[in-house]
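Read off the chains here:
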Amino acid sequence: MGLLGTKSADPATTVATITLSTTRSKLRRDIAAWALVVVFLPVSFAAALPFFWMYLSSFKQASEIYSVTITWFPSKFYLGGYEYAIEHFQLVRAYSNSIFVSAISVSASVMTSAMAGFLFAKKQFWGKNVLFVFVLSTLMVPFFAIFIPSFVVYAVFLNLKNTYFALILPNIFTAFGILITRQFLHSIPGEMIDSATVDGAGDWRVFWHIILPLSKSVLAAIAILQFLGAFNEFLWPLVMIDSRDLYTLPLALRKAFAAQGPDPSRLLAGAVLSLTPILIFFLIFQRHIVRGISLTGVKG
Amino acid sequence: MATVARAPRPRWRRPSSFVLVVALALLIYYMLFFTAPFIAALVIGFLNWDLLSTVVPVGFDNYVAMADDRTFKNALKVSAIFVGAYVPIALSAQLILGAILANMRTLPQKVYLTLFFLPVVTPWLIAVLMFGYLFNTQAGLPGMLNDIFGALGIDTSFVNPLGSKDTALLGIMGMTGWKFLGFGALIFLVGINEIPLTLYEAARIDGAGAVRQFRHITWPLIRPIMLALSITSFIGALQIFDPFFVMTRGGPGDATNVFSLYLYRQAFDQFRFGYASAMAMVMFLILLILSVSQLAIARTRWEY
Numbered sequence: 001m002g003l004l005g006t007k008s009a010d011p012a013t014t015v016a017t018i019t020l021s022t023t024r025s026k027l028r029r030d031i032a033a034w035a036l037v038v039v040f041l042p043v044s045f046a047a048a049l050p051f052f053w054m055y056l057s058s059f060k061q062a063s064e065i066y067s068v069t070i071t072w073f074p075s076k077f078y079l080g081g082y083e084y085a086i087e088h089f090q091l092v093r094a095y096s097n098s099i100f101v102s103a104i105s106v107s108a109s110v111m112t113s114a115m116a117g118f119l120f121a122k123k124q125f126w127g128k129n130v131l132f133v134f135v136l137s138t139l140m141v142p143f144f145a146i147f148i149p150s151f152v153v154y155a156v157f158l159n160l161k162n163t164y165f166a167l168i169l170p171n172i173f174t175a176f177g178i179l180i181t182r183q184f185l186h187s188i189p190g191e192m193i194d195s196a197t198v199d200g201a202g203d204w205r206v207f208w209h210i211i212l213p214l215s216k217s218v219l220a221a222i223a224i225l226q227f228l229g230a231f232n233e234f235l236w237p238l239v240m241i242d243s244r245d246l247y248t249l250p251l252a253l254r255k256a257f258a259a260q261g262p263d264p265s266r267l268l269a270g271a272v273l274s275l276t277p278i279l280i281f282f283l284i285f286q287r288h289i290v291r292g293i294s295l296t297g298v299k300g
Numbered sequence: 001m002a003t004v005a006r007a008p009r010p011r012w013r014r015p016s017s018f019v020l021v022v023a024l025a026l027l028i029y030y031m032l033f034f035t036a037p038f039i040a041a042l043v044i045g046f047l048n049w050d051l052l053s054t055v056v057p058v059g060f061d062n063y064v065a066m067a068d069d070r071t072f073k074n075a076l077k078v079s080a081i082f083v084g085a086y087v088p089i090a091l092s093a094q095l096i097l098g099a100i101l102a103n104m105r106t107l108p109q110k111v112y113l114t115l116f117f118l119p120v121v122t123p124w125l126i127a128v129l130m131f132g133y134l135f136n137t138q139a140g141l142p143g144m145l146n147d148i149f150g151a152l153g154i155d156t157s158f159v160n161p162l163g164s165k166d167t168a169l170l171g172i173m174g175m176t177g178w179k180f181l182g183f184g185a186l187i188f189l190v191g192i193n194e195i196p197l198t199l200y201e202a203a204r205i206d207g208a209g210a211v212r213q214f215r216h217i218t219w220p221l222i223r224p225i226m227l228a229l230s231i232t233s234f235i236g237a238l239q240i241f242d243p244f245f246v247m248t249r250g251g252p253g254d255a256t257n258v259f260s261l262y263l264y265r266q267a268f269d270q271f272r273f274g275y276a277s278a279m280a281m282v283m284f285l286i287l288l289i290l291s292v293s294q295l296a297i298a299r300t301r302w303e304y
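If you read the protein sequences in the order shown, they are chains A and B. By this note's numbering, the letter at position 180 of the first sequence is numbered 180, and the numbering carries on one by one without gaps. By this note's numbering, the letter at position 43 of the second sequence is numbered 43, and the numbering carries on one by one without gaps.
Honestly, the hints are just simulated from the structure, not real lab data. Watch out, some of these pointers could steer you wrong.
[Stated by the list, open to error] Each pair of labels, with its calculated beta carbon distance range:
(1) Ala35/A / Ser16/B: 55 to 61 Å
(2) Val43/A / Asp68/B: 45 to 51 Å
(3) Leu27/A / Ser293/B: 43 to 49 Å
(4) Ala35/A / Leu145/B: 25 to 31 Å
(5) Pro74/A / Ile39/B: 24 to 30 Å
[Said to hold, decoys possible] Here are some, though not all, of the chain B residues that point toward chain A, as calculated from beta-carbon distances under 7 Å:
(6) Phe18
(7) Phe72
(8) Leu125
[Unchecked claim] Stretches of chain A that chain B covers, calculated by requiring three or more beta carbons in the stretch to come under 8 Å of a beta carbon on chain B:
(9) 35 to 43
(10) 139 to 149
Glycine included, C-beta positions come from ideal geometry on N, C-alpha and C.
Please build the complete structure, drawing on both the sequences and the hints.
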């Protein structure tokens, strides 16, 4: 405020005033920033509360979970829930299925995203814009709009019920991945590609030796986001898979919940066993997620 | 006609095999697994079909039946309440959280973001399990709150929100908000971080406080993100299925029998695939109108 008020003609004084006021306000802002962190602590604690509760309660006996006096930490470390969950929920099988399906879906969609991204960012061909708008438009149509006929096509016409392929096929091309890769490749200069083309390299070689290595970081971001999405998918596997051997993790969990016994620690233990690898995966790769979101360039 | 100098047409060149293969693969894939099912949905909507017996074309009967179907109208209402209340509240909370995180130093920002992102990566089924117990009158939060208030001498009787027709939808809404808070906040955070710092410095020198900085710098620059997130949130929220299917199963009564759940049940419990397809078309139309009108409002109000 004072700065504009003082009509000082002397530039030296002005500079001094600015420096002084910025150091002081910097200190103030530092304090404000840390105060925010402290004030915010209970809020974030509330967000994490269900997790704490689940991990702790998975070691409790039913009587303690439902006891009138609420306890946080288990009074007696009970492992019965874990024993039961490991023995009966077939989580390893479900986990393997989920990882298998997600890994193949992600590998395919990362590859096709890179190819289509290259196509839309750097290549000229007849009908390019129409094709791009077509691909984009798929993002705006809700899954439910094509849900029923897709089921009919997969289950009746292609006879793919109870196959891994039914879960992989819908993820081979993903408009989202194509969009991000295209945006990324747009921003890199064309000279590198041009010089390679002059040297006689065809598009396939340019793609393989230049585009693919260049877009590694974007593709990693897409891969993580897609993996989590594919891993947690529920509705589509629900209608495509009946056979217990092919159950993905969400389906196996649903089965376990449906056969809910008297002992909640079993379910909680099963959930802990299922969730922990996902959370570890997330913690390891989370910077890619942040990157992926920045790359969607929500600027529009 | 006056001859106008035209830019020379790009000479037709034979596309390389890469262009040909990728473009064709894209076209065929999306035609096969996207356009075709979409057209099929439109067609199946005019049929009476249980996948087993013969197909009976019924014209607009399925659409007419919707107008008389009280459960459908209820589902429409429940979904409208859910989406209409959830999206604005969730977006505001996400924006506020994003703005708060943007004002933190790097380390706490990272820690908090990680915490708020945990629910995003948690499968719905596990979230449902956690909240199933957290909402439990005896084992969870309601009992805890009653105890706390009881100790303060206030008699309260909080109960499981999912047990009552009036609060069940609210319970799921809270859960959904919890699950996606970190996701929206991250998107807003990234957007806010892209705003040049010099704008804020200039505002500060002009004496603008935090609120005015938000109002006059952050908000106008964040609006495109808000628009994009709002459109995708409407599309996403109307299609939320897992918690309704696993947790409340539409109940109590039909209090949480949302559009997506009712559609699923018509197809896979009642085998009325024609009717379900017609409902899917209605859902598509609703979302299309919502998206287009949001874009139109944004265009007239925000672009000068």
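Taking the hints in turn, this is what the structure says about them:
no., hint, verdict
1, Ala35/A / Ser16/B: 55 to 61 Å, "holds (60 Å)"
2, Val43/A / Asp68/B: 45 to 51 Å, "holds (47 Å)"
3, Leu27/A / Ser293/B: 43 to 49 Å, "holds (48 Å)"
4, Ala35/A / Leu145/B: 25 to 31 Å, "holds (28 Å)"
5, Pro74/A / Ile39/B: 24 to 30 Å, "violated (57 Å)"
6, Phe18, "holds (3 Å)"
7, Phe72, "violated (14 Å)"
8, Leu125, "holds (4 Å)"
9, 35 to 43, "holds (count 3)"
10, 139 to 149, "holds (count 10)"
Of the hints listed earlier, those the structure fails to meet are numbers 5 and 7, in rising order.
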